[in-house]
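Peer 1: Below, each chain spelled out in residue letters.
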Amino acid sequence: MSDATGGAGRPIVSGGAGRPVVPGGAGRPVVRFAGVSQRFAGAPGTPPVVALEDLSLDVARHEFVAVLGPSGCGKSTLLRLVAGLLAPSAGRVEVHAMPVVEPRDDTGIVFQRPTLLPWHDVLGNVTFPARHKTGSVTPAQAARARELLALVGLSDFANRRPDELSGGMQQRVGIARALLLDPDILLMDEPFSALDALTRDEMSFELLRIWTERPKTVLFITHSIAEALLLADRIVVMTARPGRIREIIEVGLPRPRTMDTLAHPRFHELSAHIRGRLFSRPVPA
Amino acid sequence: MSAVVPPVEGEGGAATPPVPWGVTSVAPGSGAASEPTAAVPAAGPMAALLRLADRGAPVLAFVAVILAWELACRLVPIPPFVLPAPTAIVRGFAEIGLASWAGHAWATLRVALMGYLLAIAVSVPLAMMLANSRLLTRTLLPMLIVVQSTPIVAIAPIIVVTMGADDLPRVVITFLITFFPIVVSTVTGLHATPPELLELSRSLRATRSRQMLHVRLPFAMPYVFSALKIATTLAVIGAVVGEFVAAEKGLGFLILFSTQFFKIHQAFAALIVLVAISLLLFRIVATAQRRLVPWSLPAER
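Here the protein sequences come in this chain order: A and B.
Just add 3 to wherever you are in the first sequence, counting from 1, and you've got the numbering used here.
Just add 164 to wherever you are in the second sequence, counting from 1, and you've got the numbering used here.
Just so you know, these hints were derived from the structure itself, not from any lab.
Idealized CB from N, CA, C, for every residue including glycine.
You can trust all of the hints, since none of them are fake.
Beta-carbon label-pair distances, calculated as ranges:
{"id": "1", "chain 1": "A", "residue 1": "P50", "chain 2": "B", "residue 2": "R298", "range": "22 to 28 Å"}
{"id": "2", "chain 1": "A", "residue 1": "R31", "chain 2": "B", "residue 2": "A285", "range": "53 to 59 Å"}
{"id": "3", "chain 1": "B", "residue 1": "R372", "chain 2": "A", "residue 2": "D109", "range": "22 to 28 Å"}
{"id": "4", "chain 1": "A", "residue 1": "G48", "chain 2": "B", "residue 2": "R369", "range": "33 to 39 Å"}
{"id": "5", "chain 1": "B", "residue 1": "P306", "chain 2": "A", "residue 2": "A146", "range": "52 to 58 Å"}
{"id": "6", "chain 1": "A", "residue 1": "D109", "chain 2": "B", "residue 2": "R274", "range": "53 to 59 Å"}
{"id": "7", "chain 1": "A", "residue 1": "G45", "chain 2": "B", "residue 2": "P306", "range": "27 to 33 Å"}
{"id": "8", "chain 1": "A", "residue 1": "G48", "chain 2": "B", "residue 2": "R447", "range": "51 to 57 Å"}
{"id": "9", "chain 1": "B", "residue 1": "M307", "chain 2": "A", "residue 2": "S59", "range": "50 to 56 Å"}
{"id": "10", "chain 1": "A", "residue 1": "G45", "chain 2": "B", "residue 2": "A285", "range": "39 to 45 Å"}
The task is simple: from the sequences and hints, build the whole structure.
Peer 2: Okay, here's the thing in C-alpha cells:
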C-alpha cells in the first residue's frame, strides 16, 4: 500500500488510472493551497478555534479530489476558502495561480441541502444564478438550463415546484444550478449526505456520469469512505482539531467506475486502510 | 488489514449484477416518493354520514349555543340590559337602519384600513433596514420596545388631544398598535434565510439590494403574512379604541353611545358587525397570501 500514501501536506499531482488527466507535475494546478491556516474567534475568553493548520494541497485540472474526515476537521472551511467566501488566516489559496481574494465566476457550489427557492419552478431555480448575478436570464442561459436539466435527467420536471420533487431530484437541481454559469471548478459540500443510502449510491453514479460528460475540477467534501473511493481520483484524509492532512491517497481504481468497482479488491483494501487512518491517533506533524 | 467488511450501504457489492449505471437510469423511480397521497375517503352511507357530521359540526355547535342563549333569556328572568336575547339583537340591527349601519361600519373600516396600510408601509422597509444593519438595530430597537410597551389605550386620549378630532388621531392609534408585530415578524423572517443561499448570493457577487429582493424578502414572506393576518385584528381594535376616546361615528362610537342608553342589544349588534369586519379583513389577507405567495403556505391536502 506504499504506493497509495503520500506524505502529509506533500502535494501529489496525478490522475486516476485510465484517465487522460494532466500527468503529474506537468500542468499548473487549478487549485493550490500553500501553508493555509484558518482560525475562527471562539467564544469570549476561549482560545480561537483552529479549523485548518498549515495545509498544502494541489488539485490538477479536471481532477476529482475527495476530502474525507470527521466532523470538525475543517473540510467545509477548505471549500469556502476556494469559493472566496473566506480569507485564510495564514498562507495562500490560489486558483489558476491567482490568489483568491473574492468569489469568482469559475466556481460553482453544491451544498449539503439543496436549498432551492420554493417560489420558482425547477427551471427558475436552475437559471437563478444568472438572474441573481445580472438581473436577467439570456436566451442562451435559458437554453443551457434546459440542457443541464436534461443532463441531470429532469427534463420532464422543468415546470414543477421544488417541493414536488424527492430529495435526490432536488439535489440534482442543485447540481444543475451550480453548473449553469459553466464553472471550471465544482465545489461540493457533502452533497449527498442528507439523502437515504440507496439514493446516495444512485447519485454517486449520476455524478460520475455528469462529470464524464462535463469534465470539471471537483473538490468533493464527504465523510463517507465508500463515496470517496467510488468517486475520486485522490482522497485527502484529514484529522480533526486542528484540521490537518493525514494522508493523500491515490485511488487508482479503474474508470469508468460501476457497481463492480464496489467489489474490486482494491476498493476493500483501501477502505480498510482509510478506516484505520481515521480511527488511529494522529501522528504529530 | 484483512477481514474487511465492505463499507457499502445497502446490498453487498459482489452479489449485484454488473449493471453499468449510467445514462437515464434514475428519473422515474425517485419521483414516486413525492406523489401526493390524497386522503382516502371511506365508502358507504355510514362514512358519508360521518363526513357530513365532520363538516357540519362547527355550524351545529354554533347554532346550539345561540339556541341555548335564546332559551336561557326566555326561561330565566335576565334583564335585557344584562344579556339581550339573540332575537333582541336582531331587532337591534333593524332599529338602526341600513344607511346608518353603512356609515358607522365605513367610518371604522376606513380608519382601520388607513392605519393598517400605513403600518405596512412603514414596518416592512424599517424591518429591511433593521435586518441589514446591526448598528441601526442597536440604535432603534430600545425605542421601538418603549413604544410597544406603552399601553396604547392609555396614550390614546393624549394623541386625540394633540392631533384633533378627525380621522388622523384614530389612524395614528391604529398604526401604533399594528406596526410593531409586523416589524418584529419581518425582521425574524429576513434572518431566516438559509445560510447556504446567502453564500450562494455572495459567491455570485450579487448586489445587496438584489440579495434582499431575490432571496431574503421572499423567504420572509411566511413570517410577514402571519404578522399581517394578526395585524388585521389589531387594526380593528385600534380603530375602536380611537373611537372610544373621541368620535361621532363608527362602530366603537355606536357601542359607547348605545350602552350609555342601556340599549345593550344595539351594542351587541355593533359588536357582531365588528367581528364580521375583522373576519373579512383576515380572509382578504389570507386569500392574498394564497394568491400571491402560495409557496409560503404549508402544503395542503
